[in-house]
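Number of protein chains: 2
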Amino acid sequence: MKGTTLGLAVALAVGLSSHGASPSVPGRGPRFTADGALLQPADFRDWVLAGASLGLTYSKPGPLSGIGVFHNVYIDPQSLAAFRRDGRFPEGTTLVMELFSPGEKADPALGGYFEAESVGVEAAVKDSARFAGGWAYFSFGDGSLKSARPIASGSCAECHRRHAATDNVFTQFYPTLRRPR
Amino acid sequence: MKGTTLGLAVALAVGLSSHGASPSVPGRGPRFTADGALLQPADFRDWVLAGASLGLTYSKPGPLSGIGVFHNVYIDPQSLAAFRRDGRFPEGTTLVMELFSPGEKADPALGGYFEAESVGVEAAVKDSARFAGGWAYFSFGDGSLKSARPIASGSCAECHRRHAATDNVFTQFYPTLRRPR
Chain R
1 MKGTTLGLAV ALAVGLSSHG ASPSVPGRGP RFTADGALLQ PADFRDWVLA
51 GASLGLTYSK PGPLSGIGVF HNVYIDPQSL AAFRRDGRFP EGTTLVMELF
101 SPGEKADPAL GGYFEAESVG VEAAVKDSAR FAGGWAYFSF GDGSLKSARP
151 IASGSCAECH RRHAATDNVF TQFYPTLRRP R
Chain E
1 MKGTTLGLAV ALAVGLSSHG ASPSVPGRGP RFTADGALLQ PADFRDWVLA
51 GASLGLTYSK PGPLSGIGVF HNVYIDPQSL AAFRRDGRFP EGTTLVMELF
101 SPGEKADPAL GGYFEAESVG VEAAVKDSAR FAGGWAYFSF GDGSLKSARP
151 IASGSCAECH RRHAATDNVF TQFYPTLRRP R
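From first to last, the protein sequence lines are chains R and E. Count the first sequence with the numbering used here and you get residues 1 to 181, in order. Count the second sequence with the numbering used here and you get residues 1 to 181, in order.
It is possible that some hints are incorrect.
Claimed, not checked - Which bits of chain E does chain R cover? Going by a derived footprint, with three or more residues having C-beta under 8 angstroms, they are:
1. 43-52
2. 139-149
3. 160-174
The set of hints was computed from the structure by calculation and includes no laboratory data. Just so it is clear, CB atoms sit at the ideal spot from N, CA and C, and this is done for glycine as well.
Take these sequences, add in the hints, and give me the full structure.
What follows is the structure, given as structure tokens:
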């Protein structure tokens, strides 16, 4: 049965490749415009989830700020495979964060929060030849922007450099990047 | 540059296929033991995230119940591709839910919750030939169980049948399954 399953899996993979469907070609490395803007990856929601969080904030939340927003952080599969293999993020590593407003306890749930509307898309890219410090950070606004220039050095990079557990990535918050394989 | 990128992507896809690495062979359909227990999918964390939630509960939360746990729901990529194509979940559709305890505002975050420890793994499988009503539900306990028999009809199935928006799946809570492609 295992042989049959493997055969089917290979057949599926070949079939998907020949059709160019995204599942078999996940992550293609970051793509930039001629003037250095990052193109928003089209298929990041099909990448691997690094981790989700709700309301993580770097400023003290006020009494009226509510529960905050969901953050889903995805990593491109090729870079994740390399990270799992040798514990380092390769050049080209791309992490995309999508933000969702919290929906509250819709029927039949009687408590809790789910991901309602997408309200933002951001990205981090490792490219040591292109960016001083190795990484750059990008905001695609509410997600509708197709490209984005790096956010000015300092605002994001400094905090990531000082507080992120692994090479400017907040692996301490992401189970997929924390757990051994 | 686009041609080069595409060529690289194809080379990567072929390379991954020939090595049998999981990114290019995601989802292999549910596998059962001879006596009908579902084998826990080995690679579900590499599937596509349907959606995350925090503290969703079907019983009224008490004052001491805290914020609750995170739920990450993943869908096997082949079934997702079919669902995106024709709006229906094909036979063999497998959804896996992993539960995480909430970690709270670790430095440098000053508020909010991230996914701390994995505390449970559950699954839903559509197989109309095998299960009355089409779907069955499984619990792998804290995630350490390698196989699980279907949960007795009624407890899960009835609520999913009555309240889930699309064919017993709570698509109303999952952005990946709600949004059009």
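**Asked** Against chain R, does the segment 160-174 of chain E show at least 3 residues with beta-carbon separation below 8 angstroms?
**Response** Holds, because 5 residues of the segment 160-174 of chain E bring their Cβ atoms closer than 8 angstroms to Cβ atoms of chain R.
**Asked** In terms of beta carbon proximity below 8 angstroms, does the segment 43-52 of chain E have 3 or more residues touching chain R?
**Response** holds (count 6)
**Prompt:** Can the segment 139-149 of chain E be counted as covered by chain R under the rule of three residues or more with Cβ-Cβ separation shorter than 8 angstroms?
**Reply:** violated (count 0)
Consistency with the previously given hints fails for number 2 only.
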